[in-house]
Amino acid sequence: MENYFVLLIGAVLVNNFVLAKFLGVCPFLGVSKNVKTAMGMSGAVIFVMTIGSALAAVIHHYVLLPKEIGGVVVNPHVWVAIDLTYLRTISFILVIASNVQLLEVVLQRLSQPLYQGLGIFLPLITTNCAVLGAAVINAQKEHSIIESTWYGFASGLGFALALILFSSLRERLDIGHPPKSFQGVPIALITAGIAAMIFMGFSGLDIGLKTFFNHIKQGLL
Amino acid sequence: MADHLLFPGGVHPKDGKSISFSMPIQSAPLLEEYTIPLSQHIGTPAQPIVKRGQRVLKGQKIAEATDNISAHIHAPTSGEITSVSKHPITGEMLAMTNCIGPAGHMVSSLVITSDGEDKEGFTLMPIEEWQSIDKKILLERIKEAGIVGMGGAAFPTHVKLNPPQGKRPDTLIINGAECEPFLTADHRLMLEEPEKIIEGILMMKYILGAKTVYIGIERNKPDAIKTMKKHLREGIEVRELRVLYPQGSEKQLIYALTKRKVRMGTLPMEVNCIVQNIGTAFAVFEAIVMGKPLFERITTITGEPVVRPGNWRLRIGTSIGDALKMAGGVKDPEKVGKILIGGPMMGLAQFSLDTPIMKSGSGVTLLNKDEIVQYTSVPCIRCGRCVDVCPMNLMPSTMSIQAMKERFDLLEEWHVMDCLECGCCSYVCPSQRPLVQLFRLGKSHVLKKRQRELEKLKAKG
Amino acid sequence: MSKEDKNIPDHKEILLPDASKLIVSSSPHLHDSGQVAKIMREVALAMLPLVVAAIWVFGLPAVRVLLLCTAFCLSFELISLKLLGKSLKPATDFSAVITGMLLAMNLDANAPWWICLIGSFIAIVVAKQLFGGLGYNPFNPALVARVGLLIGFPDIMTVWSPTTAAQKVSTIDAQSLATPLEIASQSTAAGKELLWDNYFDLFTGNISGCLGETSALAILVGGGYLILRRIIWWQIPFFYILTVAIITGLVNNFVPMATPDALFHILTGGLMIGAFFMATDMQTTPVTRKGGAIFAIGCGVITSVIRIWGAYPEGVSFAILFMNAFTPLIDKMTRVKPFGFWQGESK
Amino acid sequence: MIEAVLFMASTGMILSTVIALANRFLAVETDPRIEAVEEMLPGANCGGCGYSGCPAFAKAIIEESVEPGLCPVSSGDEAQRIASYTGMEPVFSEPYVALVKCCGDNTRSPERALYNGVNDCNAAINVAGATKSCQHGCLGLGSCSRACPFNAIEIDEELRIAIVHPNLCVGCGKCIESCPRDMITMVPKSAPIHILCNSPEKAPIQRKLCTRGCIGCQRCARQAPESIKMVNFLATIDYDNPPHDLSLVDTCPVDRIHTSLGIDYIPAPKKKKGAIKSLECHKVLGVAPQASEAEINKAFADKIVHYDISLIIKMDEEEQKQAIMESEKISQAYKDCLAFDPSAHTVKEGQ
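Chains as they are written, first to last, in our numbering: chain A, 1 to 221; chain B, 222 to 682; chain C, 683 to 1029; chain D, 1030 to 1380.
Just so you know, the hints here were simulated from the structure itself, not pulled from any lab data.
It cannot be assumed that every hint is accurate.
[Unchecked claim] DSSO-like cross-link-like pairs, simulated, lysine-lysine; straight-line CA separation at most 30 Å:
1) K1014(C) - K664(B)
2) K771(C) - K235(B)
3) K1218(D) - K1358(D)
[Said to hold, decoys possible] Facing chain D, from chain A, some residues (calculated, C-beta under 8 Å):
4) V63
5) L94
6) Q101
7) L102
8) V105
9) R109
[What the hints assert, rightly or not] If you want a taste of the chain A side facing chain C, the calculated C-beta under 7 Å gives, among others:
10) P179
11) I194
12) I198
13) G201
14) S203
15) L205
16) F212
Quick reminder that beta carbons are idealized off the backbone N, C-alpha and C, glycines included.
Chain A with its partners taken away, still in its complex shape:
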């Protein structure tokens, strides 16, 4: 059970997708003008990342990965013994794109203002590297399907935390008077830089937690 907790802390705080891994920075800067659209965007990204990672993991495990059975490399689900891992990226993108398209239709129906507010950034989620990043990391780390869904959700949460935090900061920046040449995106990038520096403070947290849980196990045994 605590493995999931460590995974969550790892994805949200330690190597946060936006502020530590620097994935998905373009919507991060684009949508963070005000907190409402930022909330909408984070909701959309969490939805897409969770479902996207889940589907990607399913495809990855049952279709792409060759299974070791009796020493012979054979792929029981696909009767031909071929390793299809090279299809990883293309299939993940296909899944995520269709996922976003589905979301767009649903969102247009559910809340028109949010759809208007997100505008171009909603279809842009397909190209958002954070979403694809989560799926690919899942594949590399050989997470099980449940683990990778959980990791997708956790990294989506990390993205949401960073985005909402950053959008409330940016609303505060508009009130200030940075020098003319720094107004707008330059000052936003500086703030993002400082925020990334702050998140580095959490480095080593997940390892610390692991050792802590081991202590408890030894203590209890």
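Given the coordinates of chain A, work out where chains B, C and D should sit on it, guided by the hints.
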């Protein structure tokens, strides 16, 4: 021990009452000329009913209230109306175009040059035993005498004492707090005319049919509390209030004495309370028992630079210059920084000595240049002191930033319309930012927006 | 003049003010003459005991670092104001001096001069002037500089010079002595429980570490002064230290080798100076007292999390900066309910 | 290889059916024509057409068939295209430009007292009715210039007066509500002559308040009775048929009628002692150093760049700034030329 609750926030500004509280009330000498503005009260301005060159007597009605929320205006002395003319734009009857009202805008007004005799011409009949007279007649007399709230708001009293059908106010609160620094008019009035004030209060209680009456007096006026308690009559109670600005504001006073909270956006009438000023009670007495209309009021002329500060019974229409002459002028003209009508916390800064004292002019305060702290544009450092002192529990620091960014929609959402403009936030702001002016700007925009919405509705509706 | 002037004084000439020279402004016209510069001077005064303690503990090098940092910060403020074409008046309001002293408190006594230079540059130019100067910077400048230096030059920032007492006792030269917190994190790594004996040394500050981390007594004196003068609110330091004490106390209780006990955590590291001087910096903390409390509890949680499980021994600066980022959100959440507010009116 | 193709095709098939089903059930019908019209509108959301923004105006055009000419910002042919698209006949509206009806800057209508407060006209009005001598004059604190989305109104900092650059103003009317004293009116861009005063005071009072105020002497009204009328001691131009002969300027004793000639109002040039040494400003205007004021006016009128209004809107931020810089450079040169007094400067031949 003050037996009452304390409202949130509030500040303790420099008292400055010691300058003029010991001076007895002097009656002002007769001056040559009085400029009487036509809109001295909340509501539509009065229409003049006299012509140029017409001779009038002291106390004679010279301008009539057009509709219910308005008040008559009477001549302060006998003399001749020197100049009455039409205002070029609005077409109103107008005496002189360059009479500047306390708020600085051009105000149409009548000018009377006194003939020196000061002959009285009261048309109102004095009423001795007012208890047996019907309420309607008393209310009519108050309207006829042109009585308005003397606390500073100048709301016509005959409207306030005549509650709408559904409401039955059970508490009448008499505001003797006078929490505004430097002003001592009410304080002196309480010391010198306690019986008349108590009689006036009883009349108002009778007209309203209120059950309990509280007179709230701040603890920094012990002698006033003693004299008022000495002349007390049954049904009236004197309550000692702790010294805290703005104790005298309506909502805070009601909460302090009756623990009832006036809900936002509603009048004290909602919690069955009516608040009247000490001066108003005295004016009601003079109107009913002595049949004397409101053309005189007690004004404090005070401040460091004034040669002989004191409390004067000034006639309405005396210009600031004449008032200052009475008080012996100023010690050093170079050092004078500001002239205010009203007290230093809510008073209006003036820039010409011709502005007349109106029915609501409770004081003329002068401040030296070194006493004044200029407003600066140092950015808000979010220290939160203004949030601590705001008596209405608003958030002045965030609201001021919203006002600077001209986000008046956000300002309306953050309740700028409930700001009392009492000045506590600007008083404590370490960056010395003009917070009250920003909120007043916000209010004017919000009112303009609501006006536009009203017109759109009318156009559609 | 009027005909009968009975009450008007004798013929001494009556002077009236010249109307065109009057000042016209909105009400109110009085002020309690509080100024930003006065507040900053009070804070500087409150830091004096800390400076004295640092000099007493680390001797002359401490003075060098303090002077260097303050001078660099002030000069950077003047240069950037000049370059931005703004008036130089804000430089006189002591806020640069305060940032300089706070930055010095975060450095070691023998910190090289260029560390002070880079630290001051990050603090004043990057963290403050680029955002628009006083009042607009969302992050505490001194802490941004400290975190920047810590991450930028990890080796230099974790070398601690010996205290004067230690120098007298042993002849070891400026060999790296570990701060109590570092000793604690080593012991948890090794899985052994740490039993700390003399808390008195911790309290008086006779331990190695950066200038500000040492004497908790001096900080309490300075902080108490500020609270009494109502420059800072008591809520922030109180809740901050309370939360750290509770969390570390609990964890120490259940898993002793994970972290030393609560008292140890309070007296060591930057917690005291963070709680009284860094977390209460007005521009970067929430406006209302309720918001301040939430801010302090948040700082406490994150400080303990980093100290117990994080890689860095010292979590205070990261915690305060993290909560600075949350301040706009906290401000949105903790709006004071207006006087006479009722359900009919939307919030 | 075949497996990859098969696999991709099958997943593609499944997912697209899911989306197709979703599309059918959750369809939201939006009229494509509204988006098309919205594309054609300038998209400045200035509200000049009376609707909250371009999308709302586009909706009105389609549903309530409001005629597109209402949009003051889009030029004639733009309205044409929208009209033809929606099958309505276009109405061509003559371009209107904002004008601040006041020339009483600090030098002419001085401050009565020292104002200390927020630097905004609406805020200053609330404090003692603003300290400018003339109660009807422009305070020059910049409410209108901040309200203008096309930053076409410039505030002269020392002289405290607002100046509208006609070639940048698109006539959306946003500045009108922003002015607390309603100093700004919309005038046809082609009208050359304007009366820059808004004060109805009578002559004796007006003289005290502002040295350049209209004293109601009616000379200009008598000379061009059909286009200038006296309203409350203030001469007002009837912009239905504006006066065109430029001799009117000389009739005004207060020299307050200013020919617009495409020039936006220029405040009284301060005669600096030994002011402009270099003749650079003359080169910019292409006029000889000893040129008379009329010649300078003429040269300036030709030089000032006349942009087609819709063209300005299509410009991005950069070009628009460039346009302002250009017109400012010329205005500044014009100011310097007026301020340049040849006597203080020995002019070498051929310069």
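Query raised in the report: Which earlier hints can't be squared with this structure?
Result: Violated hints: none; all satisfied.
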